[in-house]
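**Student:** Below, each chain spelled out in residue letters.
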Amino acid sequence: MTGSREALPDVDGSGLTLGDRAAIALTEYRAGNHQALGDLVREATPLLWHTVRAQGVDRDAADDVVQSTWVALVRHAETIAEPKAVLKWLLVTAKRAAWEAVRKHRDDEKRRTELPDDSPEHPMALPANDPPPDAEVLRDERDRILWTSLQKLPGRCQELLRLVSLADRPDYRYISAAIGMPMGSIGSTRGRCLAKLRTILDEQGDFSWT
Amino acid sequence: MDLTPEPNMDDEAVGRLSFDPKGALDAEDGAVLTRLARAVGAVDPVPEGLVERSLFAITLAGLEAELMEAVYLDAPLAGVRGAAAAARADDAAPAEAKTITFTHDSLTVMITLSPSAGGKVRIDGWAAPAAGLDVELHRPGVDVLTTASDEDGRFAFDSVERGRASLVVRRTDGGGGAVSTPIIEL
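Protein sequences, first through last, are from chains A and B. Residue 119 in the numbering used here is what sits at position 119 of the first sequence, and the numbering runs on without skipping anything. Residue 1035 in the numbering used here is what sits at position 35 of the second sequence, and the numbering runs on without skipping anything.
No lab work stands behind these hints, which were simulated from the structure alone. Backbone N, C-alpha and C fix where the C-beta goes; we use that ideal spot for every residue, glycine too. Treat each hint with caution, since some may be false.
Unchecked claim - The list that follows gives simulated cross-link-like pairs (lysine-lysine, DSSO-like), each with its CA atoms no further than 30 Å apart:
1) B:Lys1120 x B:Lys1098
2) A:Lys152 x A:Lys88
3) A:Lys152 x A:Lys84
4) B:Lys1120 x A:Lys152
5) A:Lys84 x A:Lys95
6) A:Lys95 x A:Lys196
7) A:Lys196 x A:Lys88
8) B:Lys1022 x A:Lys88
9) A:Lys84 x B:Lys1022
10) B:Lys1022 x A:Lys196
11) A:Lys95 x A:Lys152
12) A:Lys104 x A:Lys88
To be verified - Not everything, but these chain B residues come out facing chain A in the computed CB check (under 8 Å):
13) Leu1017
14) Asp1029
15) Asp1044
16) Pro1047
17) Val1142
Whole structure, please, built from the sequences with the hints as guidance.
**Tutor:** Shown next, in the form of structure tokens:
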């Protein structure tokens, strides 16, 4: 590893977060070393996938959006001003590309829609998103309790918690900022969404989650 | 949206909780989030191979080659696919030869794919104008194969595994930039 790793902060002295590794990967890539970026793609693709899927993009389109997000990172590698913000950059890029995919899908749907259905008396229904993910695959009782408890939260809280679960704790602020729920200076504090989830879980009974 | 902890919860309600809603993240939070991450992955799994497809796309993008255009003669060509379509595993392997033409500025590259022994694919190519060209075959997760065109602009890869691939063409004398084909399904 080159000297660039020393130049980046070690958060809380507790090791590097995904956000730090993203910054390192970009710095290394600029220096001509591609290994760290490959590692980042392996590690952060699930986070990008679920970010895109949370916008209502179907699986095939989401597959393309995630790939094009990574390609965009490489194409913009020299122009991203602040390597430390690369994780947020990835999330925002993925989210915008997802919106674009949804908009395009809706335009295509409109073109296929017969005119009489598209009148003020009969407003065209927006295309439904994929049906809610099926919790049937969750076999463990506590997993199912956790999943159904999550569904009781406001949609944006659900999205935030699904995404932060896939990253490292100090990265929460990047994720919350990227999905438009800035946490301000609260880095290590349990946010309201997590507090709400814990409250609902408490009501479900006396489970240990550790 | 304000994400600070609920400020108006009365002390009695807080007292019944197993945690301090205004407190720092604790081990239970960590455990809940770890379990949630597993559930998220199980309910809506990341597609198999998406990481490899992303890595391949990054590699091609990093070559900074100009993208050639596939020429559609009649129907859209079965060999040229969107990334997601190419990813679907149930695509039937082509049983007979097919020809695809790519262009960029004045360069035209035509390739014919035909079955070879062991379920592999033979690629016969022809480039015009027939300047000396280096032709690279890029595929996900394997080393790049390189060949050179002959004086008539012909080149071939005898026997390659089926799957996604892209050809990158450069002039042997280093003039001009590299050009690449869209990702094709061999």
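**Student:** Hints first: check each against the structure and report whether it holds.
**Tutor:** Okay, the hints, checked on the actual structure:
For the given pair, Lys1120 (chain B) sits about 14 Å from Lys1098 (chain B) by alpha-carbon distance, which is consistent with the 30 Å threshold. Under the criterion of a C-alpha separation no larger than 30 Å, the hint pairing Lys152 (chain A) with Lys88 (chain A) is consistent with the structure, at around 27 Å. Using a Cα cut-off of 30 Å, the hinted pair Lys152 (chain A) and Lys84 (chain A) is violated, with the two alpha carbons roughly 34 Å apart. In summary, the hint linking Lys1120 (chain B) to Lys152 (chain A) is not supported, as the alpha carbons are separated by about 52 Å, beyond the 30 Å threshold.
Restraint check for Lys84 (chain A) and Lys95 (chain A): satisfied, since their Cα atoms lie roughly 19 Å apart, inside the 30 Å limit. Taken as a hint, the Lys95 (chain A) and Lys196 (chain A) pair is honoured in the structure, with Cα atoms around 25 Å apart against an allowance of 30 Å. For the hint linking Lys196 (chain A) to Lys88 (chain A), the alpha-carbon distance of about 25 Å falls within 30 Å, and the restraint holds. Proximity of Lys1022 (chain B) to Lys88 (chain A) is assessed by CA-CA distance (about 26 Å); at most 30 Å being required, the pair is judged to hold.
Proposed proximity of Lys84 (chain A) and Lys1022 (chain B) is supported: the alpha carbons are some 29 Å apart, at most 30 Å. For the hint pairing Lys1022 (chain B) with Lys196 (chain A), the CA-to-CA distance comes to about 11 Å; that is within 30 Å, so the pair holds. Distance check on the hinted pair: Lys95 (chain A) and Lys152 (chain A) sit about 24 Å apart at the alpha-carbon level, within 30 Å; holds. Between the alpha carbons of Lys104 (chain A) and Lys88 (chain A) the distance comes to roughly 24 Å, so the proposed pair stays at or under 30 Å and holds.
Below 8 Å, beta-carbon pairs count as interface contacts, and Leu1017 (chain B) has one with chain A at about 6 Å; its hint therefore holds. Contact between Asp1029 (chain B) and chain A, as hinted, is supported at the beta carbon level, the nearest pair being about 6 Å apart and thus within 8 Å. The interface hint given for Asp1044 (chain B) is met, as the beta carbon of that residue sits about 5 Å from the closest beta carbon of chain A, less than 8 Å. The criterion of a C-beta within 8 Å of any C-beta in chain A is met by Pro1047 (chain B), whose closest approach is roughly 6 Å, and the hint holds.
Checking Val1142 (chain B) against chain A: minimum C-beta separation of about 15 Å lies over 8 Å; hint violated.
Checked against the numbered hints given earlier, the structure breaks hints 3, 4, 17 and satisfies all the rest.
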